[in-house]
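Undergrad: Listed below, chain by chain, are the residues.
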Amino acid sequence: MTLFQTIISRPHRTRPFRGPRAPKDLVFVVVLWASGVLAIGAMAGVLIVLAIGAAPALTEAGLAAFMADGDWYPTAGEFGLVAMVAATLAVSAGALAVAGPLGILCAVYIRYYAGDVAGAAFRVVLMTLAAIPSVVYGLWGMTVLVPHIAAWQPPGTSLLAGVIVLSIMVLPTVAVLAEAGLRQLPASLYLGSLALGCARHAAIKRIVLPSAKGAVAAACMLGLARALGETMAVLMVVGNAVAMPDSPFASVRTLPANIALEMAYAIDVHRSALFVSGLVLMALVGLLLVMRWYWGGADAAQS
Amino acid sequence: MPAPKSVIAALTAALALAGQAVSHAQQEVRIVVTGSSTIAPLMMDIAQRYEAWHPGVQVDVQTGGSSRGLSDVRRKLADIGMVSRALGEEEDDVAATRIAWDGVALIVHAQNPLERLSDDQVRAIYTGQVTRWEALGPWDGPITVVSKAEGRSTLGIFLAHLGLDIRDIRAHTIIGDNEQAVKVVAGNPRAVGYISIGAAEYHASAMTPIRALALGAVAPTSANVANGSYPVRRELNLVTHPDPAAPVEAFLRFASGQQVHDLISDHYFSPASN
Amino acid sequence: MRRSLRPFVNDLVVRAAVAAVVFVLAAIVVHVVTRGAALVSWDFLTTAPRAAGRAGGIAPVLVSTAAVTAVALAAALPLAVGAAVFLVEAVRPHTVAARLTRGCLGVLAAVPSIVFGLAGNMIFCDWLGFGFSILAGGLTLALMILPIAACVAETTLRMHGEDRRAGYALGLPQRRIVWSIMLPAAAPGIFAGLGLGFGRAVAESAALIFTSGYVVRMPDSVFDSGRTMAVHILDLAMNVPGGDGNAFATATVLLVSVAAVVALFTALDGKQGREFV
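Residue numbers (this note's numbering), protein chains in the order written: chain A, 44 to 346; chain B, 28 to 301; chain C, 960 to 1236.
These are calculated hints, taken from the structure and not from any lab test.
Computed from a predicted model, the values in this text were never measured in an experiment.
Note that CB positions come from ideal geometry on N, CA and C, so glycine has one too.
Any given hint could be a false lead.
[What the hints assert, rightly or not] Chain C regions said to be covered by chain A (calculated; three or more residues, Cβ under 8 Å):
hint, segment
1, 1045 to 1052
2, 1061 to 1075
3, 1099 to 1110
4, 1146 to 1159
5, 1163 to 1176
6, 1203 to 1214
[Stated by the list, open to error] Examples of chain B residues toward chain C, derived with CB under 10 Å:
hint, residue
7, V59
8, T90
9, D270
One chain only, chain A, in its complex shape:
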């Protein structure tokens, strides 16, 4: 799994010698393992809660009903999630396609272009923006962005609006994490390439970014994760009609928005069906991680 991979490709074959352990060391090792188990436990806890909630719908309607390419009318026994899965992927992929490159460029700017003060200030701005509640982004999207799109291509609430708002929200995460990765590179790498006569842009493009590939990829992956799970802001601008995302101006509904939109008033099987959409979202993320693990096989070998 290369998601949390090391930043520099460096042979990692070394296995430090571990001598006989004192009792204190044993305690330390136990604490370490406990931390690892806790991380797994957190995930398991969320899964268990979702599974308990999803059980009634899954036993009553069966998983097939959710995977069928049908409509979503849970109170009438129709549970098709396919259109929402497609919309979730479309909005998130679109957001990452915009925020990924821009975020990396912002990180490069902070690290190699801006002066000390400007770089630090820009970083503070980005981190502040990461702390704006999604409802504020949603309000801006609803009252400024959507009317503009509506005047051009009604109804305005659309996949496009979702992509724009979401990329703005994801960008600070990608930029700050990528910058943290660039910062970890040994200074000799960049300075050395300059000394060898590389132009700044060439040093960044050919030396720095490839060396920081792991951290930059991890930053993008966390950005994608954030996009996949984002709820309120997306709910406020995408329109939430359950339909395949066949045009950038079409109204679509994502899985997290589906949960937030209907959970408040859902009862019985309907409520349970919303837990199933949570499970499907998590399965989707798991699938993406596994796919990246296979595709990134070459990277994975380095770590």
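Since chain A is already given, all that's left is putting chains B and C on it; use the hints.
TA: Structure of chains B and C alone, referenced to chain A:
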């Protein structure tokens, strides 16, 4: 390396202090109210007044939706649930107290010159048979249909009034709360939606560019909702176990009594008791 | 000609991207501040909300926000550092335990906040018996912050492999190596991750509605329910007719206080921040 250690120390100290504060045992009576996000702001005001009038009682208001109100009461996480709809027949394991009415009206953008829409026209719009304003009167452009999410009681009574099934609805934008509908319609001169009459009245007075249209023949005002002549309305309920404890019962009497009518009107609902 | 133009074009791309980002972000900040700043006053910061938040201030909301965030960071720091050190020190990269832990953190990063809210409600409020409380909200947030903070901490820890091997070569016990060499060296990265986590904690509303709750009374302890700024903004903007003004005012206060805290963070690790270029 002092930085991480000092931070850890500071955070631990903060936790410890917080823990210290816990050791005051609470001798007060605490009533937990959870449920409908529509009722929660009103209930918060009622709770503040009740606390001021009855020292020693704390009323904690939580939100999260009608279904959560019901399930929290059933799981005994809450004493009172707020449910912004009538209870179904199979929900007789809890007792309901109606505190207010909330009517539903159509809203259009203020620039839209249409004075009223007949039920047939509304039906045609919401089922996708009419997609442009030209077909309905002196207004043009494609109609943006705004509807509510499945399970919401406003949707339920809207459908019931028009005699439609949820699967007949062809909406462009599906929203959750009233304010979201207001913001969508205010930002799109060609949109039509439906919201709580009280909220529509407030926004008309606050210069928000929306206008309320009646569903049916009676003018959409909260006065008409209160006297029952406006037909499209829902009830706002408080639910408890059939046999609530004495402090809970006292609070229920307060929340459904005359003392809070001004608060209910402040929130643009119509008191249920007279 | 081509040789002299290319660096120029490349630099232009970077600067144009940054300018575009700054422009959009400034537009949003201006949108918020122009609507909210006029309503912020000393009274607004020091009185309790009235009329469901349409009138009055946000004093208890500020206190609850600080308390929830403090609990979240206090719980997330050891959890994240522990998980990161576990991945670096206790297991080798391709073992099942390492993969499972990383996979779990990766999926956890994408769990929608409302699902965290439902899970936190069931686990902390119900099973552990904390009820709707600042403690339950903070712990739920800690789980949300965990993936991002652990990821950054691990990446940073791995950067200092040389120091770590030097420590082992000196025969130091593992706990000394971690505590005295690795953690201090990795502090800036851990801070960056925690800073982003802080941002998520302050911005979160959906998860907190179900855990720390909606009550606007001044909290006495972490076992009291308390409404955070993000929840207050969400409620005023989406549920309360006429709540927009105070929603934007609260958002302005939130923006300014977060900027102050982040600037402090940056100043704290500024020395290690830019040691070259």
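Undergrad: Each of the hints needs a verdict: does it hold here or not?
TA: Going down the list of hints, with the structure as the test:
Coverage of a stretch by a chain is defined here by at least three residues with a beta carbon nearer than 8 Å to that chain's beta carbons; for the segment 1045 to 1052 of chain C and chain A the count is 7, and the condition holds. Counting residues of the segment 1061 to 1075 of chain C whose C-beta lies closer than 8 Å to any C-beta of chain A gives 15; at least three are required, and the coverage claim holds. Only residues whose beta carbon comes within less than 8 Å of a beta carbon in chain A count, and the segment 1099 to 1110 of chain C has 6; three or more means the coverage holds. As drawn, the segment 1146 to 1159 of chain C meets chain A at 9 residues by the rule of a beta-carbon pair under 8 Å; at three or more, the given contact holds.
Chain A is given as covering the segment 1163 to 1176 of chain C, and this holds because 3 residues of the stretch bring a CB closer than 8 Å to a CB of that chain, at least three being needed. Given as covered by chain A, the segment 1203 to 1214 of chain C passes the check, having 4 residues with a CB less than 8 Å from a CB of that chain where 3 are the minimum. Checking B/V59 against chain C: minimum C-beta separation of about 7 Å stays under 10 Å; hint holds. Using the Cβ-Cβ criterion of 10 Å, the hint placing B/T90 at the interface with chain C is satisfied: the shortest such distance is roughly 5 Å.
The beta carbon of B/D270 is not positioned within 10 Å of any beta carbon in chain C (closest approach about 22 Å), and the interface hint is therefore violated.
Violated hint for the displayed structure: number 9, the only one.
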